[in-house]
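Chains as they are written, first to last, in this note's numbering: chain A, 1 to 425; chain X, 1 to 316; chain Z, 1 to 304.
Simulated from the structure, these hints should not be mistaken for laboratory data. No residue lacks a Cβ here, since even glycine has one placed at the ideal position from N, Cα and C. Worth double-checking, as some hints may not be accurate.
Said to hold, decoys possible - List time: in silico PhoX-like cross-link candidates among lysine-lysine, alpha-carbon distance up to 25 Å:
{"id": "1", "chain 1": "A", "residue 1": "K395", "chain 2": "X", "residue 2": "K173"}
{"id": "2", "chain 1": "A", "residue 1": "K395", "chain 2": "A", "residue 2": "K228"}
{"id": "3", "chain 1": "A", "residue 1": "K228", "chain 2": "A", "residue 2": "K215"}
{"id": "4", "chain 1": "A", "residue 1": "K215", "chain 2": "A", "residue 2": "K350"}
{"id": "5", "chain 1": "A", "residue 1": "K232", "chain 2": "A", "residue 2": "K69"}
{"id": "6", "chain 1": "A", "residue 1": "K395", "chain 2": "X", "residue 2": "K89"}
As the list claims (entries may be wrong) - Stretch-level coverage of chain A by chain X, calculated; a stretch enters the list once three of its residues show a Cβ under 8 Å from a Cβ in chain X:
{"id": "7", "region": "53-63"}
{"id": "8", "region": "77-86"}
{"id": "9", "region": "240-253"}
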Amino acid sequence: MKNRPVLTIAATLCAGVLGLTACGGGDAGGEAAAEGPVTLDYTWWGSQDRADRMTKAIAAFEAAHPDIKINPNFTDYDGYWQKRATEVAGGGLPDVMQFDISYLRQYADRGALLDLEEVADTLDTSGIAETLMPSGQIDEATYGVPISTNALGLFYNPAIVEQAGVAAPTGDMTWDQFDAWIAEVSAKAPEGVFGSGDYTGTFWLFDMHLRQQGKQAITEDGQVGFTKAELKQWWESTAELRANGSLVSAERTTQLLPKSPFGAGESATEFSWDNFLAGYLTDSGAAKLEIVAPPSDGDEKGLFQKASMVYSIGAGTEDPEAAAEFVDFMVNDPEVGQIFGTSRGIPASKTQRDGTTFEGADAQIVAYEESIAGELGESPAPLAIGFGTAESAFKRITEDINYGRTSVDDAVEEWFAEAESALQQ
Amino acid sequence: MSTVELRGPSAPATPAAPGLKRARRAENRIGYAFLAPWLIGFFVLTAGPMLASLYLAFTDYNLFRAPEWVGLENFTRLLDDPRYLQSVKVTLVYVLIGTPVKLAAALAVALLLNSGMRGQGFYRSAFYAPSLIGASVSIAIVWKAMFSDAGIVDVVLTGLGGQPGGWVGDPDKTMPMMILLATWQFGAPMVIFLAGLKQVPKELHEAAAVDGAGALRRFWNITVPMLSPVIFFNLLLETINAFQVFASAYVISGGQGGPAGSTLFYTLYLYLRGFQDSRMGYASAMAWVLALVIGLITAVMFRTSNAWVHYSGESK
Amino acid sequence: MSTATSTTTAAALSDPAPVSRKARRQQGALTRSVVLHVLSIAVLVVALYPAVWMLVSSLKPTNEIVGDPSLLPSSAGLDNFRTALAGIGGVSFWTFTWNSLLLAVLSVVGTVLSSSVTAYAFARIDFAGRRVWFALMIGTLLLPFHVLIIPQYIVFQKLGLVDTFVPLLIGKFLAAEAFFVFLMVQFMRNVPRELDEAARIDGCGHARTFGSIMLPLLRPAIITSSIFAFIWSWNDFLGPLLYLNSPEKYPLPLALRLFVDQTSVSDYGAQIAMSVLALLPVMLFFLVFQRFLVDGVATQGLKG
């Protein structure tokens, strides 16, 4: 007798929970394959701008392939990788994924990604440059198809340069010339505006600098490709600029985050990937920004095209052919190229590139990549496991130097210890 | 006095001596019936994952390969990890200074709001607003703007003769900034204090006032004891939360614990190790060390609470 | 109580100059009121300046938001709100809001029901093993949640519940958040025992005592829990990120992050505008619910 109300409570709770199951249980991915069209789970990272473009591209695909339905999923970059890491540990990834070459190796090692050679008949990669394909390849297998490419460049803000009354930077400066140029801009520009931030914290730029000498920061087999002396020299190259206040201070750089000093209009230059142009334009509100090739002390520019993102297919997909069909469309279709412009980088596939008319900032990026086309070296292969950790440690330790929290010598030791431990994994 | 009226005309239902055992069994049965939802949740959602993470703490597990037993290696490595030690230091400072400051602010504002002045509803809502904004992702932009060069804090402090310059980029000032951010979000403990103050019978205050007790003495002799269960709750929970602070550290520092490691909170470092570097075994070891420390503190707090926490519903 | 009243009367009667004392008391009350309001306004300014800054910034051109800490914008417009309301990837702003609302309301219901039932067991029922379970319940507070994410995900994945609201809500219905249980336990233990013992002696079982005596007395704690449950669910990012796949099931926090993307174009203006819009319902919820905090029911119970 006394128990009855308790049972009622318990029953109400259960009913509530069951009810939730009922109302929450919507479409369940590709499981309905047998009954109607195939459904593919497709996921990417990016902003609302990318989501809007992607929605159009998916609609175009579904119109052309009425038998395949795409189930989209999108998040911001950080959330994206946390979600994938959780899924892969739990043993289930979506059918088609936008991937970054810094994560490809871990997932492929685990066997979580499909070798795309298996669907080579459906997925046409003939439009993609031979030199670019290794970006998605590990040990003879292909785990990622390049979607788009980007390259490093030196951005400058012509308005600031003009105001300072100095000549615009060119694509054939030496590092010393560039450093002198920075000092001149910082001296002549209005207070609070500088020639540059401390660029030695960008790991990819250091990699490019090493490529100018025929080396690589991290080799494919996961070894550090340079000596402690070389790193010391790199970090000391801006010591003078740091000391005499010619660089945006570490304090100010931190204050401006998530914008960079260049994006905030407080630095005349910044090294970055060329497809960041649109982001810089939005951040700074500047009417025009220019890109030229980075400095080099010799003939070798050390430039390369990097796959800014690749498509991968989950090894557990129920319909590899349909997934391949979708990737093929997204990589090669000219209409898709037209929808995205250069917002993801320059389309990797020739058919897509040729079918797109580039305008405004897009045209500027294409022109820049054409101008450096003769200087390009090998595209980086999927990055070694631990690369990401080494890269963020590099940035952090450079920041510590700028804050005066560590000497360059200690910094070098610290980075080598962290990088070697991360790369051994 | 009051119980007399509540007691109805029906005969008292005190169980007879032979029925005592049966009564105990009934009490057990109904106790577990009430506890059933929580028990299910505990076993399905919490206990399993907790045990799993305990196991992982003794393994090398990178999310991608099967965990490999390494014994105590993760724990011994902690002591040689300068960033780990940095995170311990940062977190201890935050807990030891931030928690008392925040609780004092919350209690002071709750007392202010309980003073019976006009416009309480408005003030109460307005004072809660920071806690709402503080949980939004936009807080990163908002809070940094307050503490940047030429931000409001810089302007006011310079006006008062302080040194100019924002706090955001200065590794020596980011900790005070984080503590102020936590204190500014005094809303949650404030609301709990307020709810607790509502449990204090007005008659007690009135009677004491008549007996000539001043405001301070009434606060000390009536409010504090009556409020002690809630003070205990807030103290314990805010301490645990401060040890585990993550969200604000993550958004303010852009997820890396900068500048110069000054906001590298314990759980932020744990997250970076677990998800950014994929070292889940190491992160699990970190988690269990923290759990043990908090557990110890919690146990001490419960032990000592007997001396100062007073429950109206329980005889001592 | 009657003795207390008579003391007051006696004191008033024995006062030689009752009028001037009354005047003094009124003046004292006025000073007190002024002091209280000055203090409140001081707190108000500190509490609300960032809120005002946020609101004003939502009207600024998007490139002026980060890096410019001044309060007044160079120009103001509603462009950011237009972008925020335009939706993302074909899913409208209102869908995100509806999902947030549904999750938050169900979280409140689940949390209040399950936590109060559980708390009653801990606070008022003398069953075997109570102390052990209570310690375990507190124990669940100790471990940082990050290391539980993956094992929990695996549980829900095996149950086939990914991409439903179940993983986000089931914990609320099963009192998995020890914060609420412990909060209610603390309040229940502070309710005078005579009240429910009287009911028990009258023959009420625990269920009736809980429902008709304890729950009404617990109103301040229930309101407090409702407010927190609503707000926490409203702001939860990680749960929805991991468990929801379909954008049409996304709540607002997931949508909010999509405006800032370090790998392409960021729209800080739209993010702040959407944050402002997302804050309105919680503010409203708080405004409505905080009213119930005003009259403590517990005190009425004491009078008898």
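A quick look at each hint next to the structure:
With a C-alpha separation of about 21 Å, the suggested pairing of K395 (chain A) with K173 (chain X) holds against the 25 Å cut-off. Pair hint K395 (chain A) plus K228 (chain A) holds up; C-alpha atoms about 16 Å apart against a cutoff of 25 Å. Between K228 (chain A) and K215 (chain A) the alpha-carbon distance is near 14 Å, which keeps this suggested pair within the 25 Å criterion. For a cut-off of 25 Å, the pair hint linking K215 (chain A) to K350 (chain A) is broken: about 30 Å separates their Cα positions.
Among the hinted pairs, K232 (chain A) with K69 (chain A) is inconsistent with the structure: their alpha-carbon atoms are about 54 Å apart, more than 25 Å. At most 25 Å may separate the alpha-carbon atoms for a hinted pair to count; K395 (chain A) and K89 (chain X) meet this at roughly 22 Å. Proximity of the region 53-63 of chain A to chain X, defined as three or more residues with a beta carbon under 8 Å from a beta carbon of that chain, is not established by the 0 residues found. Coverage of a stretch by a chain is defined here by at least three residues with a beta carbon nearer than 8 Å to that chain's beta carbons; for the region 77-86 of chain A and chain X the count is 4, and the condition holds.
Three residues within the 8 Å Cβ limit are the bar, and the region 240-253 of chain A against chain X gives 5, so the coverage statement holds.
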